[in-house]
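Chains A and B supply the protein sequences, listed in that same order. The first sequence begins at 1 in full-length UniProt numbering and counts up one residue at a time. The second sequence begins at 1 in full-length UniProt numbering and counts up one residue at a time.
Calculated directly from the structure, the hints in this document are not laboratory data. Hints are not guaranteed to be accurate.
Pairs count within a copy or across copies, as identical chains cannot be separated in the list.
[Stated by the list, open to error] Below 30 Å or equal to it, Euclidean Cα-Cα: the simulated DSBU-like pairs (lysine-lysine) are:
id, residue 1, residue 2
1, 512, 494
2, 494, 183
3, 183, 507
4, 183, 512
5, 485, 512
6, 183, 485
For clarity, every value in this text was computed on a predicted model and none was experimentally measured.
Number of protein chains: 2
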Amino acid sequence: MAATRNVLFIMCDQLRRDHLGCYGHPYLRTRNIDALAARGVRFDNAFVTSGVCGPSRMSYYTGRTMSSHGANWNRVPLSLGEITLGEYLQRHGRTLALAGKTHVLTDIGGFERLEIARNSALGQRLSSGSFVELDRYDGHHEPGNESGYPAFLRQNGYVSDRPWSDFVISVEDDAGEIHSGWKMRNVRWPSRVAEPHSETAYMTDQAIRYIEQQGDEPWALHLSYVKPHWPYVAPRPYHDMYALDQCLPLARRASELENAHPVLAAYRTQEECINFSREEVSNTVRPVYQGLIQQIDDHLGRLWETLERLDRWRDTLIIFTADHGDFLGDHWLGEKEQFYDTVQRVPMIVHDPSPQADATRGTTETRFMSGIDVVPTVLGALGLPGYEERIEGVSVLPLTRGEAVTDWRDCVVSELDYSFRGARLALGRRPDECRGWMVRDARWKYVHWLGYRPQLFDLSADPGEFVDLGADPAHEAVRVRMHGKLADWYGTLKRRVTIDHPSVESKTNTHKQWGVFFGEW
Amino acid sequence: MAATRNVLFIMCDQLRRDHLGCYGHPYLRTRNIDALAARGVRFDNAFVTSGVCGPSRMSYYTGRTMSSHGANWNRVPLSLGEITLGEYLQRHGRTLALAGKTHVLTDIGGFERLEIARNSALGQRLSSGSFVELDRYDGHHEPGNESGYPAFLRQNGYVSDRPWSDFVISVEDDAGEIHSGWKMRNVRWPSRVAEPHSETAYMTDQAIRYIEQQGDEPWALHLSYVKPHWPYVAPRPYHDMYALDQCLPLARRASELENAHPVLAAYRTQEECINFSREEVSNTVRPVYQGLIQQIDDHLGRLWETLERLDRWRDTLIIFTADHGDFLGDHWLGEKEQFYDTVQRVPMIVHDPSPQADATRGTTETRFMSGIDVVPTVLGALGLPGYEERIEGVSVLPLTRGEAVTDWRDCVVSELDYSFRGARLALGRRPDECRGWMVRDARWKYVHWLGYRPQLFDLSADPGEFVDLGADPAHEAVRVRMHGKLADWYGTLKRRVTIDHPSVESKTNTHKQWGVFFGEW
Chain A
1 MAATRNVLFI
11 MCDQLRRDHL
21 GCYGHPYLRT
31 RNIDALAARG
41 VRFDNAFVTS
51 GVCGPSRMSY
61 YTGRTMSSHG
71 ANWNRVPLSL
81 GEITLGEYLQ
91 RHGRTLALAG
101 KTHVLTDIGG
111 FERLEIARNS
121 ALGQRLSSGS
131 FVELDRYDGH
141 HEPGNESGYP
151 AFLRQNGYVS
161 DRPWSDFVIS
171 VEDDAGEIHS
181 GWKMRNVRWP
191 SRVAEPHSET
201 AYMTDQAIRY
211 IEQQGDEPWA
221 LHLSYVKPHW
231 PYVAPRPYHD
241 MYALDQCLPL
251 ARRASELENA
261 HPVLAAYRTQ
271 EECINFSREE
281 VSNTVRPVYQ
291 GLIQQIDDHL
301 GRLWETLERL
311 DRWRDTLIIF
321 TADHGDFLGD
331 HWLGEKEQFY
341 DTVQRVPMIV
351 HDPSPQADAT
361 RGTTETRFMS
371 GIDVVPTVLG
381 ALGLPGYEER
391 IEGVSVLPLT
401 RGEAVTDWRD
411 CVVSELDYSF
421 RGARLALGRR
431 PDECRGWMVR
441 DARWKYVHWL
451 GYRPQLFDLS
461 ADPGEFVDLG
471 ADPAHEAVRV
481 RMHGKLADWY
491 GTLKRRVTID
501 HPSVESKTNT
511 HKQWGVFFGE
521 W
Chain B
1 MAATRNVLFI
11 MCDQLRRDHL
21 GCYGHPYLRT
31 RNIDALAARG
41 VRFDNAFVTS
51 GVCGPSRMSY
61 YTGRTMSSHG
71 ANWNRVPLSL
81 GEITLGEYLQ
91 RHGRTLALAG
101 KTHVLTDIGG
111 FERLEIARNS
121 ALGQRLSSGS
131 FVELDRYDGH
141 HEPGNESGYP
151 AFLRQNGYVS
161 DRPWSDFVIS
171 VEDDAGEIHS
181 GWKMRNVRWP
191 SRVAEPHSET
201 AYMTDQAIRY
211 IEQQGDEPWA
221 LHLSYVKPHW
231 PYVAPRPYHD
241 MYALDQCLPL
251 ARRASELENA
261 HPVLAAYRTQ
271 EECINFSREE
281 VSNTVRPVYQ
291 GLIQQIDDHL
301 GRLWETLERL
311 DRWRDTLIIF
321 TADHGDFLGD
331 HWLGEKEQFY
341 DTVQRVPMIV
351 HDPSPQADAT
361 RGTTETRFMS
371 GIDVVPTVLG
381 ALGLPGYEER
391 IEGVSVLPLT
401 RGEAVTDWRD
411 CVVSELDYSF
421 RGARLALGRR
431 PDECRGWMVR
441 DARWKYVHWL
451 GYRPQLFDLS
461 ADPGEFVDLG
471 ADPAHEAVRV
481 RMHGKLADWY
491 GTLKRRVTID
501 HPSVESKTNT
511 HKQWGVFFGE
521 W
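Could you put together the complete structure from these sequences and hints?
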């Protein structure tokens, strides 16, 4: 009976929860992800801390909310002051390897201010978010020297200075003409790379090789796929594996456009929303999006076989999730960011190898999980300290192990800062005026916006979130109550990060030891 | 007509607002502070961000709330990631000199983690909170080599290894016996140092010398008195300058002890509260406390004369305030921390030398000011950038200059973390469960506590805050509304500190410039 020694933290980018078989998709055949769910616990109410890649990932990597880690959009670096999972592991002689995407940006201002050399060992570690990069690959940019993928492509005959642009996200139509996959009209055709040379195949190869190389040495790996994120180009045969009638129907109503919330209305002036509001667009993209997911699932089958062959299922914690979903035209939106469950509620499967978790295998957990729970779950599984002065999430191991838990959270919060988006300009707001917060419990979803009325959805009566009760006088009491829950939540965030709890304990009521005798008569 | 070039930021430690003539004290003759009010604007609703020295000062020095700067009690270092006024000034070729107390602690963990050498120029600057220390002197500890005060004492004949303990806070009774001023029973007798050698005199000397030495060079100085903070020992003649019948009556009622809030009840088990609840104690301390204030006022007269002689009133911004008050037995409490106005509402006088402020001289401003407004006021007066991505306060110069201001704050928030106090042990709570927040508007004071019922005071009907309506069913709607204001306030705190507003502006909706073409059809 082995203790948990290894960690495999798998993230997909922009993967919708409702696009997996085990979460109820009627047509997508995700048998490997479903098999993981059968061996672990499927969390049915897992939410991200923000529906944007960067802030959501920084919460996954720090165990802290967006309000606390501060990296509140993709172009905002994580502060040097924040500590990531890799650094926690390093403190205990472990490393966190990376294959794929992190969205980590260097806090250049912080480096300059604190005179930290970028090329020092410290500088390099901090610049990488304390991941040990097997191959960092963030996708959707021309890869630089951070990734071996371009060289791999050239070795395999894709000769170009920009093999990603020219092959991976380029497509060839039936007439042999080449088009860019940046244009969504073109994603109906297959990528110009063969499937074994695609991003998903390549990154799975990196992960398998690393796990094999580790042998019996303990390891921790973040395998972070850039798919099914745009550009929605799939290699053959995945580009046309699914037909439109095997896709989920569009979840939107004309009534959503009447008296729409100002922020939503502003989002719908953005190009991706305008385009995804046209059925031609969503009808073109959705089947390919499903194909990209099918491809990931197929490659995860290779990974599971590797773990089986190496006998690693018995000592490996596996977490499978996504950084957020993708509207694909639902609610007259494209992309992500807004607070509908489509984007905020993500797949989350936890395989806890401990025999204590045997009773929960294959079960569904309906209590709320948040992206901030991953770091404490990993630390807990490895028997490491919890760093509770900083980490705001909680380990879900008590849930996977069926322990009696009486005080679990009854709601989750997600946040958005849209100051980098066109919506800010459309609304004429300043960069510090563009914030929203979602408080979601089992029944209600409340969204507080700086400067605008709130949104409110009754998820019991309206699970599809089509009827915004944010201005309905009959629901004032609900809104007030949910707004108060936001204050409650804020009050639990961790602000005192320069001293840990044991230090507080040891210094409580000890002023006389320090020669301070106030209050004596 | 000179532009504002100099800054004199004067802080007293533990000075009650109601203990100044200009704030209505019937007996204390604070003619110099009153004269400053006559030359500037007296803020009648100025509040600290926490009723504890350390966190309150870190807000004064960073322009950020306690929740944002994180130094939430005296033993908690300010994070290396926080930027203080001295660092902002340094960026523009200015220095912020210090004479007196700051309560700055070194973030040792941060230094180690980021490999910053303590003895490097950067390390030394960060360790001092970016003050240029003329003489740092935090009082209430045996001074180490950070201050010239012990050497000054020895030069003046106070021969001891511990001249502060043996002379400054030691007293001599009528029989010639020596006692420690740590025991409040002894503060009826005078300090063993002559008045010119006392802390207040010495630190005023440092300030005057610095201002004189600067000549016509611009300067910025933080003159930070350690008095009238405990030990409440005053030099002759201030030790018995005031009689008990010249002190304010005790503000407390027996009814406050009935059904007291659990946190208040726990505080009242602490030694300083037990002792200050006895009239013998408050009767002994209050007259001396007044004497210590009288002494500060007298020395400020010397400082004002210096400014007059050097013709510096015309180009010097002067801010006079305190880090919090002192209960002295009011509400059956000693010391500070709790959310009564006695401690949270502080004296605040702003002398804006600009001719634009001539119309407001000698007036009283009733709009809310907060400790976080000092940094932006200083930056604004000197014409420096506002660093709005970090600084949460706002400049009060529009108020001193009588400008039309339409959207001023309608409430202030203060915070408390009592995890280092005996109250935590009395209540059996963990270090992250000991937090409270006050939201105070013109009429209501609402206090939200983690784990306990709120407090509520109707300041119109009960300006003395004797009747806690926190459990009164008739006031549920008020509490709910005030709780919501807490969420509103949280939502305005500055979390994105690694990138400034102009950078956000320049990167808004620019993804195509970066080669990212999502959402195109």
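Right, here's what the structure says about each hint:
In this assembly of identical chains, the alpha carbons of residue 512 and residue 494 lie at most 30 Å apart only when taken from the same copy (28 Å versus 37 Å across copies). Proximity of residue 494 and residue 183 under a CA criterion of 30 Å is satisfied in neither setting, with 43 Å inside one chain copy and 37 Å between copies. Taking identical chains as interchangeable, the C-alpha atoms of residue 183 and residue 507 lie at most 30 Å apart only when they sit on different chains, with a minimum of 23 Å there against 61 Å within one chain. For the identical chains of this complex, residue 183 and residue 512 are inter-copy neighbours only, at 13 Å across copies versus 70 Å inside a copy, given an alpha-carbon limit of 30 Å.
Proximity of residue 485 to residue 512 under the C-alpha cut-off of 30 Å is found in neither arrangement, the shortest distances being 40 Å within a copy and 39 Å between copies. For a Cα distance limit of 30 Å, the shortest separation of residue 183 from residue 485 qualifies neither inside one copy, at 43 Å, nor across copies, at 46 Å.
The structure does not agree with the numbered hints 2, 5 and 6 stated previously, though it agrees with the rest.
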